[in-house]
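Residue numbers for the sequence shown follow full-length UniProt numbering, beginning at 1 and rising by one.
Hints were generated in silico from the structure; no laboratory data involved. Glycine residues also receive a C-beta, built at the ideal position from the N, C-alpha and C atoms. Treat the hints with caution; some may be incorrect.
In silico lysine to aspartate or glutamate, EDC-like type, Cα no more than 20 Å apart, as pairs [said to hold, decoys possible]:
no.	residue 1	residue 2
1	K51	E561
2	K80	D66
3	K283	D212
4	K544	D332
5	K164	E309
6	K254	D321
7	K51	D66
8	K417	D378
9	K254	E173
10	K529	E561
11	K49	D332
12	K285	E309
13	K243	D321
14	K283	D209
15	K164	E41
16	K383	E485
17	K51	D434
18	K593	E650
Pair ranges (Cβ atoms, derived) [unchecked claim]:
no.	residue 1	residue 2	range
19	L352	R225	47 to 57 Å
20	S550	P280	31 to 41 Å
21	T464	L572	17 to 27 Å
22	P566	K49	39 to 49 Å
23	P540	D500	19 to 29 Å
24	D580	D662	21 to 31 Å
25	H527	E41	27 to 37 Å
26	E65	D391	48 to 58 Å
27	L61	R545	20 to 30 Å
28	T418	D632	41 to 51 Å
29	G389	I554	46 to 56 Å
30	T464	W564	15 to 25 Å
31	K49	V237	25 to 35 Å
32	P566	Y444	28 to 38 Å
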Amino acid sequence: MKYLVNYLALFTLFHIPFVYSKDKQINNLLGMSLEELMNVETSISTNSKQKLSTAPAAVTLITAEDIKATGATNLADILKAVPGIYVRYNHFGLRPLIGFRGSNSKQTLVMINGSSVGDLMWRLGIFWKGLPVNMIERVEIIRGPGSALFGTDASAGVINVITKTAGIISRAEVGLRSGSFNTQTAWMEYGGQWNGFDVAMTAGLFRTDGHDPLIASDAQSRRDRTSGSHASLAPGVAQFGWKNNDLHLSLTRKHWRLQADYMQHDDLEIGLTGAGALDPVTKGKDSYLELGLFYENEQFDKNWGLETEIRYRRVAYSSGDGFQEWPPGFSDSKGTYPDGVLNHMESAEHRLNTEVSGLYHGIKNHAIRLGGGYSWHDLYYVKHLVNFGNDANGTPLPAGGSLVDISNSAYAFAPEKTRSIYYLFLQDVWHISDDWELTAGLRYDYYSDFGNALNPRFALVWQTNNKLTTKLMYGQAFRAPGFQELFAETSFTLPNSELDPEQSETWELSLAYAFNKNIHLGMNLYHFKQSNFISAHSIPGLSKRKYQNSGEHIIHGVELEAWWQPLENLRLTVNYNYRDPDDSPFRAIGTPKQLAYFRTDWRFLPHWNWNMQSNWIGTRNRRANDQRADLDAYWNTDTTLRYHGINKWEFSVSARNLFNVDGREYTGASIPDDLPLPGRSFHAEMRYRF
1 MKYLVNYLAL FTLFHIPFVY SKDKQINNLL GMSLEELMNV ETSISTNSKQ
51 KLSTAPAAVT LITAEDIKAT GATNLADILK AVPGIYVRYN HFGLRPLIGF
101 RGSNSKQTLV MINGSSVGDL MWRLGIFWKG LPVNMIERVE IIRGPGSALF
151 GTDASAGVIN VITKTAGIIS RAEVGLRSGS FNTQTAWMEY GGQWNGFDVA
201 MTAGLFRTDG HDPLIASDAQ SRRDRTSGSH ASLAPGVAQF GWKNNDLHLS
251 LTRKHWRLQA DYMQHDDLEI GLTGAGALDP VTKGKDSYLE LGLFYENEQF
301 DKNWGLETEI RYRRVAYSSG DGFQEWPPGF SDSKGTYPDG VLNHMESAEH
351 RLNTEVSGLY HGIKNHAIRL GGGYSWHDLY YVKHLVNFGN DANGTPLPAG
401 GSLVDISNSA YAFAPEKTRS IYYLFLQDVW HISDDWELTA GLRYDYYSDF
451 GNALNPRFAL VWQTNNKLTT KLMYGQAFRA PGFQELFAET SFTLPNSELD
501 PEQSETWELS LAYAFNKNIH LGMNLYHFKQ SNFISAHSIP GLSKRKYQNS
551 GEHIIHGVEL EAWWQPLENL RLTVNYNYRD PDDSPFRAIG TPKQLAYFRT
601 DWRFLPHWNW NMQSNWIGTR NRRANDQRAD LDAYWNTDTT LRYHGINKWE
651 FSVSARNLFN VDGREYTGAS IPDDLPLPGR SFHAEMRYRF
């Protein structure tokens, strides 16, 4: 708690004079009718503002007020409310892996302010932990393909996190949150005008010891049983503590905006290695810096709007004193490793992106957007030290030896390489009549290291009557092969520089029905086909598997949603998702076929708000060769009580997993009892506005 108090003291002393701008804070959603909610504007589906109800995609919008009402503290918490999304926690570092409609996380594009957070090696980052909520203004989500707008990785869904910028924050705020697992958070935000600029700034500090689940048996336990050794650290706890610092700054003047985003993880414990062995040693760290300069003018010329941007990003990772892939006493055919099997990894990359687009209104009933861009990626630093495998010359290392530097060799986890991407896009929104609107788009991407991809999309929106809206949508998407798949040899797999991108196509039918002003219903039917999967295959004559393109996977599904506001101060929300995947070996194992979500928001007294939400996670199937029983379905219930009746103060208390359900996350057979998820926990929060 001492570091939280010091943080607030520093903020109080830090003073920059500014004048509050006009209050533009987002309305409390419970104060809006369902009809008003459907008319909230979103831009993710076309890169132009459109009403949520007529957007040419299955779109979900979550605002800062909505986040606050649920007591969510991380992006992963927010997404549990979205139909079709399943957040699976990986045993390596308890990383939240976000999947749409039964796909795996590689088919999900996550962006901050329209820029992908993915990197060249690890997609969402080897230490990905989601995003803190204090920085978020809103989250816009497409359930379905997005490559025609955003390029690679947008096969199954797109998540765009929009941070608080100048003009959104109209006052200063500081806050503290403290709770179970020695979890503490402090944050601040302010916004206003300074020397002719609209200014916004948010900053946060976070630390937690993690829920540290007990692992009764791990991957080394299996080896001990067959070899007679006693090296396993199980039973023992998987340590999942970590720290996070983030800082976000926005300066706006007329049509120009300068934005800076910085995030850093420290002392990040991974708990379990990728193979499933307990690792109490690793405390990794990473850093993320992005600078952006933007120009936006909706009236640049008589019939033209213009948007330009240039962004620079640097991402760096380090495993610290880890990874301890196997514990001290581990033995293989070479002998015993008294210090364990050690695999120290560091990397850093640059990215530079520039884009220009224009919106043309010169043709009646048409809004035509065209543009293009260039992106340069450079994995410029790789450091790799090991005490196993081969040295830089290919000579086998003896068991139990010291660490050897294999950087810049064929045996390093990645080569230092660059990638250039050129892209063009075109989209036309044709307002055919008052009841009909057609959106058609096309994007072409050229990659310097594997080739090109062309992805179209179509969406026909029909205002069938004053209660019913019908949408028919089609889109193609792709996932570019990553550096690990193209160039990096590991202990188990060989790269393949001849890989093609993964491909997908999706058909969707969406129906939205306003039964009356207090009851809204929605249904989405979809057919999702993935093909040209990139996966490792056994190759005759080779001791290692090699990445290849092969296979396809088809998923049919339905998403049902309902909103009911029986009273002005009471709203109920429910959604249910069912998917029917084929038996392809490329299906995502460990994801449920059924999901359900229930939520209640009740303003039961002036200044008092109560929220309760429950997620039902359906049964999760094992692989065919896994003899364990399928993972049982379970409920997880969270609740938050919030009070804001004292001038400038706001308080809340939250319980997560209120009924202390023993939820488990799917793992391979190396962890027989799967990964225990956090039990019941609590946190309390207070905010003060200046």
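Hint by hint, here is what the structure shows:
no.	hint	in the structure
1	K51 with E561	holds (18 Å)
2	K80 with D66	holds (13 Å)
3	K283 with D212	holds (14 Å)
4	K544 with D332	holds (17 Å)
5	K164 with E309	holds (18 Å)
6	K254 with D321	violated (48 Å)
7	K51 with D66	holds (18 Å)
8	K417 with D378	holds (6 Å)
9	K254 with E173	violated (25 Å)
10	K529 with E561	violated (23 Å)
11	K49 with D332	violated (60 Å)
12	K285 with E309	violated (30 Å)
13	K243 with D321	holds (17 Å)
14	K283 with D209	holds (12 Å)
15	K164 with E41	holds (17 Å)
16	K383 with E485	holds (19 Å)
17	K51 with D434	holds (14 Å)
18	K593 with E650	violated (40 Å)
19	L352 with R225: 47 to 57 Å	holds (52 Å)
20	S550 with P280: 31 to 41 Å	holds (39 Å)
21	T464 with L572: 17 to 27 Å	holds (26 Å)
22	P566 with K49: 39 to 49 Å	violated (31 Å)
23	P540 with D500: 19 to 29 Å	holds (22 Å)
24	D580 with D662: 21 to 31 Å	holds (28 Å)
25	H527 with E41: 27 to 37 Å	holds (29 Å)
26	E65 with D391: 48 to 58 Å	holds (57 Å)
27	L61 with R545: 20 to 30 Å	violated (42 Å)
28	T418 with D632: 41 to 51 Å	holds (48 Å)
29	G389 with I554: 46 to 56 Å	violated (39 Å)
30	T464 with W564: 15 to 25 Å	holds (22 Å)
31	K49 with V237: 25 to 35 Å	violated (49 Å)
32	P566 with Y444: 28 to 38 Å	violated (50 Å)
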